[in-house]
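Colleague: The lines below spell out each chain.
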Amino acid sequence: MNKILAIVKKELFRFLTDKKLMLTTVLLPGLMIYGIYSFMGDGMANMLGTDEDYKPIVAVYNLPEDLNTRFKLLYMEQTDVSNLSLDKAKEEIAAQTLDLVVYFPEDFSKKIEEKSGLPEIEIYYNSVNNESAKIYQFVANTLTTYEDSLANAFTMNSKGETYDLASDEDMSAMIYSMMLPMLLLMFVYSGCISVAPESIAGEKERGTIATLLVTPMKRSDLALGKVISLSVVALMSGVSSFLGTMLSLPKLMGSEIEGMSAAVYSMMDYFLLFLIVISAVLLLTAVISIISAWTSSVKEASTAVSPLMIVVMLIGVSSMMLTGERMSTLFYLIPVYNLVLCMNGIFSFSYELSQIFVALGMNLVVTAILVVILTKMFNSEKIMFSK
Amino acid sequence: MKTILHVEGLKKTFKLSKKQQKIEKTKQKLKVAVNGISFDAYEGEIFGLLGPNGAGKTTTLRMLSTLIKPDEGDALVDGFSIVKQPEEVRARIGFLTSELKLEDYFTPNYLYDFFSDLHNVPKDVRDERKKELFERFEIDKFAEVKVANLSTGMKQKVSLVISIVHDPDIIIFDEPTNGLDILTAKVVTDFLIELKNSGKSIIVSTHIFSLVEKICDRVGIIIDGKLVVCEKLDTFLNGMNLEDRFFQLYEETVGGLHE
Ligand SMILES: Nc1ncnc2c1ncn2[C@@H]1O[C@H](COP(=O)(O)OP(=O)(O)O)[C@@H](O)[C@H]1O
Ligand SMILES: [Mg+2]
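Each protein sequence line maps, in turn, to chains A and B.
For any residue, its number in the working numbering is found by taking its place in the first sequence, counting from 1, and adding 1196.
For any residue, its number in the working numbering is found by taking its place in the second sequence, counting from 1, and adding 103.
Bound conformation, chain A alone (with noise of 0.2 angstroms):
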């Protein structure tokens, strides 16, 4: 047991005093991923949103009477059109000095009255602009609302109320469980490829693991002793990307949703999520430590290990599909995979906590299996002396 503790002292000792390592491992992912997705956010608002304060200036010819009023709530400019032809105002459209043109012919209201013949309104607008593009979507709103209130036979949401009744929550849930189930497999599995490859084959490579193998310390310690202190390193470097992500996510999507946040989440929720990222940092550095442990030196390793990046990124797309419906039992028993069920289930909250602790359980026996199987490989020569 001491020489469990004594390993994994070393190798924390290794990788938290290198301060260059922490900083490529540890800090520049969660800086990094903050910065691109709030980056990107601010980008797209941008690109999609309006300004709040601009007044859209609109050129409106023979208002009827009967829209004067609709057309005073909307917030916009009607501009003196008794000097601007329709052609000029064209024109000032396609050059985005005008938002938007709206021409009722002169007969409308008669038109209206009599019930002779459908009248034709024209509105113009330039879909490059923003401005343009959200008042005529006002305007053509305002203008079918009125033509409803002529037929008169009955109404559909005109109270000015609240009608999207989707909370917060549901929001964040629908986009947390899409996103993150997949990025959070991917920041844990880039997390132990950092380290693991460095720690088994750098070791063997440089042959620093043979002067460990002349000690009468028992193989299994020192398997042990590696996969827990790897594990630590990686589960740092997975919780700094998902801090980063957690935190700039609503501002990835901030533009588009309103109230999305991360704090619709119960403590429960997440040290949930903490055991299933605990679980899943240990299944994965098993697993390429004894990829590592096969290959001869880290060069090697991460050669090995990228086809596996590709398998894992697969089962982490897969949250996308999951359509939100219960899981038989028997899928939490599928190791990886059991993962993206649970980190949907927590996100979406729709878990049945009897099926995260089967997949808890069956990632800690497969993890236990993987860790007997290096130890078989850290006692076999043919392994640890391969060159």
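No lab work stands behind these hints: they were computed from the structure.
Here a beta-carbon is modelled for each residue, glycine too, at the ideal position from N, C-alpha and C.
Mixed in with the good hints, there may be bad ones.
Unchecked claim - When the alpha-carbon atoms are kept at most 27 angstroms apart in a straight line, the in silico DSS-like pairs for lysine-lysine are as follows:
| id | chain 1 | residue 1 | chain 2 | residue 2 |
| --- | --- | --- | --- | --- |
| 1 | A | Lys1199 | A | Lys1572 |
| 2 | B | Lys187 | A | Lys1414 |
| 3 | B | Lys132 | B | Lys172 |
| 4 | B | Lys187 | B | Lys105 |
| 5 | B | Lys226 | A | Lys1199 |
| 6 | B | Lys114 | A | Lys1495 |
| 7 | B | Lys234 | B | Lys299 |
| 8 | B | Lys118 | B | Lys105 |
| 9 | A | Lys1572 | B | Lys244 |
| 10 | A | Lys1199 | B | Lys204 |
| 11 | B | Lys172 | A | Lys1578 |
| 12 | B | Lys130 | A | Lys1578 |
| 13 | B | Lys122 | A | Lys1495 |
| 14 | A | Lys1205 | B | Lys130 |
| 15 | B | Lys226 | A | Lys1414 |
| 16 | B | Lys204 | A | Lys1216 |
| 17 | A | Lys1495 | B | Lys249 |
| 18 | A | Lys1251 | A | Lys1205 |
| 19 | A | Lys1268 | A | Lys1251 |
| 20 | B | Lys299 | B | Lys204 |
| 21 | A | Lys1578 | B | Lys299 |
| 22 | A | Lys1572 | B | Lys134 |
| 23 | A | Lys1215 | A | Lys1205 |
| 24 | A | Lys1578 | B | Lys226 |
| 25 | B | Lys244 | B | Lys172 |
| 26 | A | Lys1216 | B | Lys234 |
| 27 | A | Lys1578 | A | Lys1414 |
| 28 | A | Lys1495 | B | Lys105 |
| 29 | B | Lys258 | B | Lys234 |
Unchecked claim - Now the in silico label distances, taken between C-beta atoms and shown as ranges:
| id | chain 1 | residue 1 | chain 2 | residue 2 | range |
| --- | --- | --- | --- | --- | --- |
| 30 | B | Asn156 | A | Val1513 | 55 to 61 angstroms |
| 31 | B | Lys335 | A | Lys1572 | 39 to 45 angstroms |
| 32 | A | Ser1514 | B | Glu127 | 48 to 54 angstroms |
Place chain B with the ligands on chain A using the hints.
Modeller: Chain B with the ligands only, in chain A's frame:
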């Protein structure tokens, strides 16, 4: 005299990779590195394995230290089988060979403590022993310098010290003076004699005649994976100097140097 090491019929064959075949200039897929070696070493003496490069010395010592397993045969180290009780064997020996490297990232001080932990050395014993050994090998000035920044000779001295953190009764050193400057080499040979005088049993391998002449009580001559002679150094020399006696033997066994 107590037998501290009993070696019986050790055999080791390596599979040669394509690359190794090229280096060894051979088409053979297998290389018999050690071909049935048996000998005994006694408590409190220095036993020397002498042989040319490639004779199988290092391979023999790697088997004794349980780093690799013999294909055939076994050896008892202080009564413990290298095949069946490797951990017991490792706890009793201090093994040094150029293959065992130290991690560049750490300082001699840190590594000494770390390996002491792996050998269950109590803290107070450890600190006292560390001070003594570091002074003796002049590591003390470099105790906090990362291994990466040490000279080759200093690295080798640190390796040596680390191999004996647990004060083992049996010391197995493979070519202990190789690559050392003459002053450091003398520190090492003097140290070996001192260890012997304090009752330790020592096995060294070397291809250097003078080292054997200077420190060994008994000698085993190993040629091409086979032990051709194993007796008291004086008996073996029979009045001749070691170099002449060795080549005489070599000619008898291999049949001439240039054949
Ligand atoms: N891991 C290995 N794979 C293949 N051949 C090896 C290996 N180790 C040693 N040999 C070969 O076995 C022979 C004995 O090597 P070694 O024990 O290192 O000799 P020595 O230490 O006496 O110089 C040499 O021919 C060497 O090339
Ligand atoms: Mg050798």
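Colleague: Report the numbers of all earlier hints that the structure fails to satisfy, in ascending order.
Modeller: The structure breaks hints 6, 8, 9, 14, 18, 21, 24, 25, 26, 28; every other hint is satisfied.
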